[in-house]
Amino acid sequence: MAVILDVLVQLGQLLLVLLLAPLLTGYVRKIKARLLRRQGPPLIQPYRDLLKLIRKEVVLADNASWVFRVAPYVIFATTWVAAALVPTFATGLMLSPAADLIAIVALLGSARFMLALAGLDVGTSFGGIGSSREMMIATLAEPAMLMIAFTVSLLAGSTQLSSVATFMQGPDVGLRVSLAMALVGLIMVAIAENARIPVDNPATHLELTMVHEAMILEYSGRHLAVIELAASLKLLLYMSLIGCVFVPWGVAVAGQDLTVYAGSVVVYGFKLAIGGFLLAVFETAIAKMRVFRVSDFLGAALMLGLLAALLLFVSRSV
Amino acid sequence: MDTLAIELLLWCIVALLATGAMAVVFARKAATTIVVYVITLIVSTIALATACWILVADATAAQQLRLPIGLPWLGAHFRLDPLAAAFLTVVNLGGAAASLYGLGYGRHEHAPGRVLPFYPAFLAGMTLVVLADDAFTFLFTWELMSLASWALVMAHHRQEGNARAGYIYLLMAGLGTLSLLLSFGLLAGTDGGYAFDAIRSSPLSPNLATAVLALALLGAGSKAGLVPLHVWLPLAHPAAPSHVSALMSGVMTKVAVYGFVRIVFDLLGPPIWWWGALVLIFGGITAVLGVLHALMEHDLKRLLAYHTVENIGIIFIGLGLALAFRASDMRGPAALAMTAALFHVFNHSVFKSLLFFGSGAVLTATGERDMERLGGLIHRMPYTAFAFLIGSAAISALPPFNGFVSEWLTFQAILLSPQLPQWGLKFLVPAVGGLLALSAALAAACFVKAFGITFLGRARTSVAEKAKETDICSLSAMFGFVLLCLVAGILPGYFINALSPVVQMLVSAQMPQQTALEWFTIVPVVESRSSYNGLVLFILITSAACLAAYVIHRRASHAIRRSAPWDCGFPDANPAAQYTAGSFAQPIRRVFGTVVFHAREEVDMPPPGDPRPARLHVHLQDRVWDGLYEPIAKVVGVTADGFNRVQFLSIRGYLTLVSGALVVLLVVLAVWQ
Amino acid sequence: MDRFALDVAHLFAGGLVLVSFMLLYQDRMFSLLNIFALHALVVSLSVAWQAHIQSAPHLYITAAIALIVKAIVIPVVLHRIIVQLGIHRDIDTVVSIGQTMLGGIALVALSILVMHPITSAAGTLVREDLAFALSVILLGLLMMVSRRNAVSQVIGFMSIENGLILAATGAKGMPLVVEISVAFSILVALIVIGIFLFRIRERFDSVDIHALDRFRGEQP
Amino acid sequence: MSDPGSYVVKAILIIPAVSAALLALLPDDRTTARLNVLGTLLTLLCAIGLFFVRPEPGLFLIVDDVNVVFIVLNTFVGFTTSVFSGSYIAHELEIGRLTPAYLRFYHAMYQTLMFAMNLALLANNVGLMWVAVELATLTTVLMVGIYRTHEALEAAWKYFILGSVGIALALFGTILVYLAASSVLGEGLNAMAWSVLVQEASAFDPALLNLAFVFLLLGYGTKVGLAPLHAWLPDAHAEGPTPISAVLSGLLLNVALFAVLRFKMVMAANAGALAPGPLMVTLGLASVVFASFMLYRRHDIKRMFAYSSIDHMGIITFAFGMGGALANFAGLLHMIFHSLTKSAIFFSVGHIAQVKGTQKMVDIRGLTVSHPVLGWGLVLGVIAIVGLPPMGLFMSEFLILTSTFARQPLLAIALGAGLLIALGALLLRLNGLAFGDAYGSDAPTQASFVPMFTHLGLVLAAGIYLPPTLVSWFQHVAGLLR
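Chains as they are written, first to last, in this note's numbering: chain A, 1 to 318; chain B, 1001 to 1673; chain C, 2001 to 2220; chain D, 3001 to 3482.
Possibly wrong hints are sitting among the right ones.
Unchecked claim - Which stretches of chain C does chain D cover? Using the computed rule of at least three CB atoms under 8 Å from a CB of chain D, they are:
no.: 1; segment: 2027-2036
no.: 2; segment: 2148-2162
no.: 3; segment: 2172-2181
Unchecked claim - Per label pair, the in silico range of CB-to-CB distance:
no.: 4; chain 1: C; residue 1: Ser2055; chain 2: D; residue 2: Ala3461; range: 53 to 61 Å
no.: 5; chain 1: B; residue 1: Ala1577; chain 2: A; residue 2: Met289; range: 21 to 29 Å
no.: 6; chain 1: D; residue 1: His3476; chain 2: B; residue 2: Ser1508; range: 40 to 48 Å
no.: 7; chain 1: B; residue 1: Ser1508; chain 2: A; residue 2: Met289; range: 28 to 36 Å
no.: 8; chain 1: A; residue 1: Trp66; chain 2: B; residue 2: Gly1113; range: 51 to 59 Å
no.: 9; chain 1: B; residue 1: Asp1641; chain 2: C; residue 2: Arg2148; range: 40 to 48 Å
no.: 10; chain 1: B; residue 1: Pro1068; chain 2: D; residue 2: Ser3195; range: 54 to 62 Å
no.: 11; chain 1: B; residue 1: Arg1590; chain 2: D; residue 2: Arg3297; range: 56 to 64 Å
No lab work stands behind these hints, which were simulated from the structure alone. All values reported here derive from a predicted model rather than from experimental measurement. Ideal Cβ positions, reconstructed from N, Cα and C, are used throughout, including at glycine.
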C-alpha cells in the first residue's frame, strides 16, 4: 500500500514540476510587465507558445548533425529528472536516494554540456559565443554551488536533500550568519545558472551580450519548445531548491495521508509565488552587467560560500 | 603456498619479451606488425583475466615468488597481492585495448621497426613494476618501463620537437628514479634489506619517514606528472604513436601512482597528518593547473596529455585525504577516500585511453593534431565521434558516466573532513574541494571545446573534409571502452566491492558492501547522509527523453526542413567565420589567464587604408618552466663553462694542479697527525 | 752501524737539499746546468757512501750511473741543445726567485712536519733521511711549476729523481734499486730526446711539428 | 715450481712478450693483424685456465681472488680489441693514415702493452708492479703519438710528462711502503711481497703507511685519471688510435686503480693507519662532478667519452672510499662493467668516426638512420654507460647509491646529482648523434660488430644474472678491502 502511495507521490511530483514550470515563467514575466506598468502577456502564454512550437516544422541548418537533434531531448530529460529529485512539497520521495545535491548539480551540468555542444554544432559565430560564455559562467558557478553544498552538509551532516530539509525543519538550526551567506550565494548562482538579469537577459535576441539565447539561436519548432520547457524547469528547480533548503516549512514528510500532501502543495505554490515575485522585482530593479563582470559576480558567490563554511567552523568551535 | 597465478603472469612477461626480440629479428617483414599486436593482445588478455580472477576470487592470499636473478644474494622477488592485482587489471586492460587498437592503427606506421620491438617490452615493464617485491627489481623494471616508452617516444624522431621531448622525458625519468632509489636506500637501511618484507618489518623514525615521503612524492610524482614535475608529459605523450600515448597517459601514470601507494601506504609506517596536507596541496594545484593548460592548448593530443595531469591531481587529492584520515585513525573515511582514488585510477585509464584512441583515429584520418585545422568530422567519422563524445562526457564527470562516480566519491570524502581533528586540514580541505569543483567545471568547458571544435561545426580544411572513418579494430577497441565507461558509471557498486580488499589492505578498513542494496544504489557512509544511483538516473533520463521524443513525434509534428543556418540573418559561408579553439577559450583566458599564464593580448590594428588584416596576438608563458627549469639549465651551463677553462691549461698548469693536490694532502696528513 | 757513517750519510742528504735550494736560486741557464751537475754529484756520492756502509756493491752501479749520466752526459747534452736551439740564456720565472725560495722553505718545513711522527725502528737515520729526500722531491716539483723553460723543468724533474734515488738507497737492502734507477735514467733520456726532437724552445706545451718532419727527413 | 698453475702464469706473460718480438720483426702487414689476434687469443685461453688451476703465490707473481677476474677481463678485452683493431687498422691503412712500418710498431707495442698490464696485475712484488705500470704508460705514450699530427704529439707529450711525475710519486710511495715493511719483516724481497705485507701490515708504522698511501694514491691516481690529475686523459683518448682509446679506458685505468686497491688493502689491515676512505671519496666525488660538467662542452666524440671514463673512475673510487661490503662489491662490479661498456662504446665510435670521416659531433647525425647497427650499438652503449637498466652498471650504481645514502645522505645526493648531470649531457649528445635526419656519408661499413655486441651482451647478461663464483670472490675481496 505504502509503496503505491510512494509511486503516486513521486509521479505527482514529476507531473507537478512539469506543469508548474511554464506557469512560473509566465508568472514572472507578468509581474515584470506589471512592474513596468505594462499589461503583460497572460499567465498561460508560455503554454500556448509551447503548443504552437511543437506543432511547427523544424527548420534545420544544412550541416546540423545528430548531436543538434538529440540535444534538446537530452537536455529536457536531464533537467526534468533533476527537478523531480528536489523535494518540492514532500521529502523522502521514492527516487530521492538516487541523487544527492551534488549529483543534481552534475545532472544540470550534463544538460549544459549538451546545450553548449549544440551551440557549436552548426558552426555559426553566435553559437560559439554562447557556448564559450556559458561554459565560462559554469566554471565559476559550479565551485560556488559546491561550497554552498559543503556549508549545508556541514550543518545538516548530509547532502541528501530530504535529510537536509528535515534537519532544517528541526529545532537545532537556529539563525546563523553562514546560512544567510549561503542563501545569498545560492541566489546569485541561481541567477547565473538561469540566465537571468544581471548575468544574462532571457527576453532578448540579437545582443552581443546574450549567452543562453545565442546557443539556441538555430533552434526552431519542437526542439525550441523542448529547450524552453527545460529552461523553465531549471528555474523551477532552483526555486524549489532554495525553498526546501532555506524555507522548508510546510514540506510534508514521507508517509502521511493525502490531505497533508495537498496542504503542502498549496504551501509550495505560495513559496513559488513569493520567489517569483522577488525575482521579478530584483530583475526590474537592476541593470544587466558586462559579460566579464560576471566573473566578479560569481567570484563573490564563491567567496560567500567559502566564508560560510569557515564561519561555520568558527561558530562550531565556540 | 600456491603460486599458479604469479607464475602464469611471469610466463606472460617472458612471452612479451620474446615477442620484442622477435620483432627485432623480423623488423623488415610486413607481417610482423600483425603478429606482434595479436600476441600482445592475447597475452594481455590472459594477464587481465588472471588479475581479475585474483581480485574477485581469492583476493586475500598474496602469492610470492623468488627468482635467482637480479641482485645475487637477494634474487628477484615477486608478489601478487590485491593492490598489485588491481593495478595489473588497469595495466593489462589498457594493454589489451591498445594492442587491439594497434592492429588497425599500426598499419599506418611508417617506421614499424622503431615501434614493434619496444611495445611489448613496455607492456612487460609496466606489468613487472606492479609485480616487483624488492627495491632492486622495482627500480630495475621501473626504469625499463621508462626506457621502453622513451624509445617509443623517439619512434618518430625526425618530427621536430620529438627528440627534445624524448630528451626531457628521459632526464625527468632519471630524476624520478634517482629519488625513488634514494628513498629505497633510506627504507632499506645500511645493511641493505632491499626485500619489501624486510622493509615492512623495519619501521623508520618520523624524520626519515618524512624524507622517504618527500622522495617518493618527487619520484612517483615526476613519472605521474605532478606539478611542477609535469613538464615532460605534454611533450612526450603526444610524440609517441597514439596507442602508445594512450598507454603512457592512461596506464603508465597509474603505475607511477601505484609506486606512490606502494611506498607510502604499504612500506612506510603510520603517516603524520601534515603529509596528507602536503599531498592535498600538490594534488589541488596539479588538478587546476593541468586543466587550465589544457584549455589553452589547441593540439588535440597535448590537450589530452594536460588532462592527464589534471586527473593525476584528482587522484592525488584522494590519496592525500586517505593519508590525512589514516593519520588520525579515521578508518571509514580513509577507506572512502582510498576507494575514490583507486576507482578514479581505473576510470581515468579507461576514458583517457578511449580519448587518445579517438585522437589517433583523427590523426590517421586527417594527419592533423591541430584542432584549428579540423572541424565537422562528425559527418565523416560518426562512430569515432560518438566514442569521443562519450569519453568527453565521462572525463568531464557528467552523470551517468564513470568519471562522475569517482569524483562524487572524492567529494563525499571531502565532506567528511570536518571530523578531522587538525584545524589546518579543516580549513585546507574545503579549499581543495573548491579546486576540485573548479577543475571539474573547467574540464567540462575544455571538452566542449575539444569535441565541438574537432567534430562539430564545419570542416576548416580540405583534409578535414576528406576524412575517412577509421578501421574496425580501432573502433572495436574504442567501443569496448565506451561500454566500460557506461557500465562503471551505472553499476559502480561492483567495482567498489572489487576494490574493497585492496582498500582493506592499505588502510585496514573498507567501504560498506554496495551491491546488496536494492537498485544498486551506492552509499559511501549511511543512506541518510548521501547516496547515488547511476542506474536509476540512466533509466529515468533515457526513458524521459524517449517519452518526450515519442509523444512529440507522434502527437505533434515530426516534419523537418533543411536550410542555410539562420545565424541572426547574417550566415557566413566561410568556415573561418566559426568559433575557433582559441576564441572559445578566450573568456576563460580572460578570467584565469592573466594570473596563471601572464596572458597578454595584443591587437595589431592597421591604420585606415592599410589593406593588411588586423591581428590578435596572444602571449602565454609557462611560469613553471620559466621559473624552475630555465634557471637550473642556466646554472648548469654557467658551471660547465667555468669548469671548461681547465681543459685549456698549459702542462705547467696541470703540473701545478698535481703538486698542489700533493701539498694539500700532505698538509691534511700533517694536521691529522 | 757506527755513528760516523750515519753522520756522513746525513751530511750528504742535507747537502742535497741545500743544492736543491741553489737550483731554485739560479736565474741563468748555464749556471743552472752546472749546479745540477753538482746536485747529481752529491747524489752519486751519497749513494756510493750508502753502498759502502751497507756493503751492497750493486749500489755502486747506481752511483756510477748517476755520476756519468746525470752529472756529465745530460748537462753537456742540454748545453748543446741550448746552444743549437738558441734558447734564451736566462730563466723566466712565474713568481720571483725570493717567493720561490720562501715557498721552498715552507715545503721543507712541511716535509719535516710530515715525517715527524714516524717512530720507526729502522734507525734514526731513516726519518731525517726521508725528510730530506721528500724535501728534494717537493723542491723539484716546485721548480717544475715555477719555471717556464723546458730545460729548467727537465732539471726539476731530474732533481725529483735524485731525491727518489736518495730515498731508495737510504732504504736498507731495498731490491730493484738499480733497475729502477736505470729505468729512470731511460725516462729522463727520453724526455731530453723529446725536447730535442720537438725543438721545444720555451715551454713544455708547444710542440714544433715541422721541426719533427725535418728531423724525420734525415732518417734512413 | 711444479704445479701447473705457475706454467699458466708464465704463459700469460710470455705469449705477449714473444708475439711482441715476432710482430716487431715480421714485415708483412696482412698477417700481422691476424697474428696479433692469435696472440691475444692464446693469452686469453691461458688466463681462463687460471679459473681451474691457481698457483701458489710466489715472491714476484701471485694469483688470488683479487686479480684473477681482472686478468681474465684484461686478456678478454685485449682479445676483442685486437679483433676490432684488425678491421680498424685495415681501414687506416687504406686511407693512408698509417704506413706499414708504423703498423708493425703499433702491433708490437700493443702486445707489449698487454704484457705490461698482465704483469702489473699478476705482480706480487710492489716494485715489480710499479715497473710494469711504468712500462704500460710508456708504450701507450708511444701509441698515442702514432699519428704524428700536431695534436697527437702534444697529447702524447702531455701524457708523458704528467705520467712521469705520477710515476715518480708512486715510486716514492713504494719506497716508503718498503721502509715500513722492512722494519718489521727485515730487509729483502719479503718486504715488498704484497701477500706478505697484507698479513703483517698490522705491525707496520702507521705514520709511514699514511705518507706512503698519499703518494701512491696521487701517483697511481694520475694514471687512473682522477681530477685534478686527469689532464692527460681526454687528449690521449681523443688523439690516439681508437683501439688504444678502448684499451686505455677499458684496461689501463683499471690496472692503475687496481694498484691503488692493493695498497688500500694494506692500509685497511693496519688499525693505526688513517682511513683512506675520506681521501678517495673526496677525489672520486671531485672527479664525478667535474667530469659531468665537462661533458656538456665537448665537441669531439672521443674526448667526450674519455671524460665519461673520468666520471666512472670517480664513481668507482668513491665506492671504494665509502667502503663496506656493499659499496666495495659494487665498486668491483662497476670496474668490470665499465671497462666492458666503455670499450664497446669506443669500438662503435671508432667505426663511426671512420665512416663519417670526422670526430666532430656536429658532423655526425642520425646514425640510427644511416647506419642502424652502429647507431643502435652506440645507443645501447650510452644507455649502459649512464646506468640505465637492463645493463649491469645500473646494478652497481644502485648498490653504491643506496648503501651510501643510508650512511652519508649528503654524499649520496651529491653523487646522484653528478650522475644525473652526466646523464643529461650524454643523452643530449646521443640525441644529436643517433637520431634526427642523417648527415654526412652513409657509406656501408666493413666493420666487425662482434666485439661490440659481445661486450654489450655480457654487460646485459651480468645485469640480469651474476655467476655465484664471481660473487663469492668479490665478496671475499670486498671483505679484504673493508
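Practice task
Check each numbered hint from earlier against the structure, then list the numbers of those it violates in ascending order.
Solution key: 1, 7, 8, 9, 10, 11
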